Structures are given as C-alpha cells and as structure tokens.
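Participant: So you can see what is in the structure, the chains are spelled out below.
Number of protein chains: 2
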Amino acid sequence: MSSNDHISKQFDTELESIRASVLQMGGLVESQIKSAVESLVKSDVNLMTRVIAEDHRVNAMEVKIDEACSQMIARRQPTAGDLRLIMTVVKTITDLERIGDEAEKIARMAKMLSQKNVLSKPRYHEIERASEIAVDMLRKALDAFARLDVVMAAQVVRQDDQVDEEFRGIMRYLITFMMEDPRTISTALEILFVAKAIERIGDHAQNMAEYVIYMVKGRDVRHVTVDEIEREVQQ
Amino acid sequence: MSSNDHISKQFDTELESIRASVLQMGGLVESQIKSAVESLVKSDVNLMTRVIAEDHRVNAMEVKIDEACSQMIARRQPTAGDLRLIMTVVKTITDLERIGDEAEKIARMAKMLSQKNVLSKPRYHEIERASEIAVDMLRKALDAFARLDVVMAAQVVRQDDQVDEEFRGIMRYLITFMMEDPRTISTALEILFVAKAIERIGDHAQNMAEYVIYMVKGRDVRHVTVDEIEREVQQ
Chain A
1151 MSSNDHISKQ FDTELESIRA SVLQMGGLVE SQIKSAVESL VKSDVNLMTR
1201 VIAEDHRVNA MEVKIDEACS QMIARRQPTA GDLRLIMTVV KTITDLERIG
1251 DEAEKIARMA KMLSQKNVLS KPRYHEIERA SEIAVDMLRK ALDAFARLDV
1301 VMAAQVVRQD DQVDEEFRGI MRYLITFMME DPRTISTALE ILFVAKAIER
1351 IGDHAQNMAE YVIYMVKGRD VRHVTVDEIE REVQQ
Chain B
1151 MSSNDHISKQ FDTELESIRA SVLQMGGLVE SQIKSAVESL VKSDVNLMTR
1201 VIAEDHRVNA MEVKIDEACS QMIARRQPTA GDLRLIMTVV KTITDLERIG
1251 DEAEKIARMA KMLSQKNVLS KPRYHEIERA SEIAVDMLRK ALDAFARLDV
1301 VMAAQVVRQD DQVDEEFRGI MRYLITFMME DPRTISTALE ILFVAKAIER
1351 IGDHAQNMAE YVIYMVKGRD VRHVTVDEIE REVQQ
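For the protein sequence lines, the chains are A and B, in the order given. Using the numbering used here, the first residue of the first sequence is number 1151, and each one after it goes up by one. Using the numbering used here, the first residue of the second sequence is number 1151, and each one after it goes up by one.
Looking at chain A on its own, in the form it has when it is part of the complex:
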C-alpha cells in the first residue's frame, strides 16, 4: 500500500466516522421529539424531565461533530465532493441541534400544561398527527443524507406543506376551542406553541433535505420552488 493510498484510506475512514455521528445525532433527536410529544399526550412528568435533561447530549454532539469537521478541513484539505459533504454536515448538525431545542421546548410546555388546573383540555390528536409527519420528514432527510438519495430528499421538501396544513388545522381548532370558552385561552396558546414547534421541526427537516440535494447535485436549491427541485432531481 502506497503512502497516498494510506492517507486516502484514513481520509475515507474519518469521513465515514463523521457521517455515522450525524446519523447517530439524528437518531437521538428523533427520539427526543417522540418522547416530548408522548410526555405531553400522556401527561408523563418523568418523561418531560428526561427530555429536558437529555438536550445537553444533543448539544454536545453538535459541538463534537463541528470540531471534527473543522479539523478535517484544516488537516486533510478536502476539495470538490468531499468538501461539499463536510459543509453539508456543518449545516445539517445546526438544524439537528435546533430540532433538539424544539423538542426540549415541547417538553417544557408540556410541563407547564401539566401544572395547570384546566377546566377543559383540548384534544392532542392533531398534535400527534403533525408530529408523526415531522418525524417522518426528519427520518427521510437523514436517510437521504446517508444514501445521497435526492429523490427522497425532494419528497421531504414536498412533505413540508403537509405539516403546515396540519398546523393551520390545529390553529382553526384551537380558535374554536377558545371562543367557546375564553377561560381556556392561555392553555390553548401553550398548545398552539407546541404546534408551532412541530411546524419548525418540519422546516428544519426541509432545510436538511435541501442540503442533500445541493451536496449531490451541486446546485443550490434552497430558494427555488418544489416543482423546480423535482425537475432538478429527475435529471
């Protein structure tokens, strides 16, 4: 094995290790969202506390991967596709970290709701459905990243409309709920902010999917329409 082969193999190993860390971080973030919503629906205070306490792990992973990316750029001086992959990772982990923040916020709002002595509680059915779509988007965005699958990435971008639609549905439902009994207003607003947090998780998953398309296609799709993206990935 020549010295160049050796360096190149080390390079690939390091790149693979960074990629694996991103997927691991994604898995943790996914479980944080699910636990946060579950803790809300089941009024499970222990689970709320756990989600809040675990957020530091998400943060620590972001810092670690970010460091690894900077070191890799400084030491290995990657170009072209490799550099694009590393820049994609740097952006992806920022969005993952913010999804983690939203999960933590949901758990905090769940805690506030559980402490309130509410007369009538709105149902969480729509919140659960919206969160399932958001989690699905996140999982697909991570899959698309792992397999460099632009078709799946484009699906994620299109799915964001569904989360937005669910959010508007929740908002309409909560408005009716509040109008029927204005004493529920402050409770309903907490739930509206939970819905807003889920909507933002969808936005972050969409960002991640767009980075994947950029990484593979080398064209910035962040500010074009869904139709343009779909045409793009079919080429």
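No lab work stands behind these hints, which were simulated from the structure alone. Computed from a prediction, not measured in an experiment: that's the story for all the values here. Take the hints with a grain of salt, since some may be wrong.
What the hints assert, rightly or not - Between beta-carbon pairs, the in silico distance windows are:
| id | chain 1 | residue 1 | chain 2 | residue 2 | range |
| --- | --- | --- | --- | --- | --- |
| 1 | B | Ser1193 | A | Glu1166 | 55 to 61 Å |
| 2 | A | Ser1264 | B | Ala1230 | 45 to 51 Å |
| 3 | A | Lys1266 | B | Asp1377 | 28 to 34 Å |
| 4 | B | Asp1194 | A | Arg1289 | 42 to 48 Å |
| 5 | B | Lys1271 | A | Glu1166 | 55 to 61 Å |
| 6 | A | Arg1207 | B | Arg1308 | 24 to 30 Å |
| 7 | B | Arg1297 | A | Gln1227 | 26 to 32 Å |
| 8 | A | Gln1160 | B | Asp1194 | 57 to 63 Å |
| 9 | A | Gln1160 | B | Lys1184 | 46 to 52 Å |
Said to hold, decoys possible - To give an idea of the chain A side of the interface with chain B (calculated C-beta under 8 Å), a few residues:
| id | residue |
| --- | --- |
| 10 | Ser1220 |
| 11 | Ala1224 |
| 12 | Thr1229 |
| 13 | Met1237 |
| 14 | Thr1244 |
| 15 | Met1328 |
| 16 | Met1329 |
Here a beta-carbon is modelled for each residue, glycine too, at the ideal position from N, C-alpha and C.
Following the hints, put chain B in place on chain A, whose structure we already have.
Facilitator: Okay, now just chain B, sitting in the frame of chain A:
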C-alpha cells in the same frame, strides 16, 4: 514582492471581501425587519409588498457568500484563525437568511391583518419596542463580528432575555385582549405570531454573537450560560 506575499495579499483581499459582504447582507436584513414592522404599524400595504418582494435579495446574498466561502476553502486551504473566520461566516449567513425569512413572515402577517375587518385592534406599541431590541441585537452582533469584539457579543447574548421578556409581556396583553372580546381571537393570534417572529430574530442574533465569541476565543460557547460567557470574555 515575493510570490508568497502576493498570495497572502490576495488571500486577505478575498477574506475582506467576504467579510464586507456579510455586513452588507446584515444591513439589508436589518432594513427588512424595520420595514416589515413599520408596514404593520402604519398599515402600509406597499411597504408590505416591497418587503416580501425583497426577500429574494437576502437569499441570493446567502447563496453567493456561501459559494465564496467554499471556493476559498478549496483554493486557499486556510487553517486556524482564517478557517474559523470562514466557518463563522458560513453559520452567520444562515442565521441572517432566516432573520430575512422572519421579516418576510411579519410582512405577510401584516398583509393578512390589513385585509381583516377588525372591530377592535390591539395596540402595536409593545411589538415596536420588542422589534427595536431585536434590531439592536442584530446590529451589535454584526458590529461584534466586524470588530471581533467579544465584549459586545456577550452583551447581545445577555440582551436576548429582554426580547423574551417583551414577548411574554405581549402574550399577557393579548390574552387579556382576547378574553375581553373573543371575536378578536384570530386577529390577536396573528399579532402573537408577529411577536414570535421578533423573538426568533433575537435568537438568531444571539447565535451570531456566540459564533463571534467562538471565532475569537476558539471555545464553543453555544451551550454554556451567560455568566460563563461573561467570565470567558473577561479573560
């Protein structure tokens, strides 16, 4: 002039040009926030339309600066402080672009509010005050970036509590407003989302300030307390 001096001079010129672009993008984003809030307060539909139309300029600047950073890494292979500066730019422009999105959202919500035939309109006084704090944070974060001023950056981090406090005040005010006349609920919610957008602008400015501290101090402060940051910058 030796060949090395020449390369190094070109390098500095390119870095300076990237830095100037970030400040220019920051200036545009700042004016977008101000115009968006002004369009809401004055019910100025033309100004709302202009803010929405101008968002693509913010997006285009992000794409351009992002490309310039990648090219600079690939061609100049910067290390240490120079690499840290470039990575800071890559993150900073992501936050600036998202602040631009929030400004656009405010203008869109202003448009919806202007089309509503409302019986009683809540006052915008607190919204204006919150947006002034958020703009001040953004301006200071950009200044801190331009001058590598960690003390100013730490001020921005501390200021975020003020925006959050204003947001909670707006929320309390709007809850009272809605309870007095439940017919105002949907209008009040639009205004609440404007307040939420301003709160997020504060969060993004805080992120930017934290990147500056990291760039200068080389320590990741994103996940530590304000007190720790202040101790850090005094060293």
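Participant: Quick one, is the Ser1220(A) hint okay against chain B at 8 Å, beta carbons?
Facilitator: holds, 6 Å
Participant: Once the shortest beta carbon distance from Ala1224(A) to chain B is found, is it less than 8 Å?
Facilitator: Interface hint status for Ala1224(A): holds (5 Å vs cutoff 8 Å).
Participant: Is it true that the C-beta distance of Ser1264(A) to Ala1230(B) lies inside 45 to 51 Å, as the hint says?
Facilitator: About 49 Å separates the Cβ atoms of Ser1264(A) and Ala1230(B), which means 45 to 51 Å holds.
Participant: Restraint: Thr1244(A) near chain B, CB-CB cut 8 Å. Satisfied or not?
Facilitator: Where the cut-off is 8 Å and the nearest Cβ of chain B is about 7 Å from Thr1244(A), the hint holds.
Participant: Identify whether the interface hint at Met1237(A) stands, where standing means a beta carbon of chain B within less than 8 Å of its own.
Facilitator: With a minimum Cβ separation of about 6 Å from chain B (threshold 8 Å), the hint on Met1237(A) holds.
Participant: For the hint 46 to 52 Å, verify it against the beta carbon of Gln1160(A) and that of Lys1184(B).
Facilitator: About 51 Å separates the Cβ atoms of Gln1160(A) and Lys1184(B), which means 46 to 52 Å holds.
Participant: Measuring from the C-beta of Met1328(A) to each C-beta in chain B, is the shortest one below 8 Å?
Facilitator: Cβ of Met1328(A) sits 5 Å from chain B, so the hint holds.
Participant: Please check whether Gln1160(A) and Asp1194(B) have a Cβ separation lying inside 57 to 63 Å.
Facilitator: Taking Cβ atoms as reference, Gln1160(A) and Asp1194(B) lie about 60 Å apart, which means the hint holds.
Participant: Next item in the hint list is Met1329(A). Is there a CB on chain B closer than 8 Å to its CB?
Facilitator: holds, 5 Å
Participant: Just to be sure I understand the hint, the distance between the Cβ atoms of Arg1297(B) and Gln1227(A) should be within 26 to 32 Å; is that true here?
Facilitator: holds, 30 Å
Participant: Does the beta carbon distance between Lys1266(A) and Asp1377(B) stay inside 28 to 34 Å, or does it fall outside?
Facilitator: holds, 31 Å
Participant: Falls inside 24 to 30 Å, the C-beta gap from Arg1207(A) to Arg1308(B)?
Facilitator: holds, 26 Å
When held up to the earlier numbered hints, the structure conflicts with none and fits them all.
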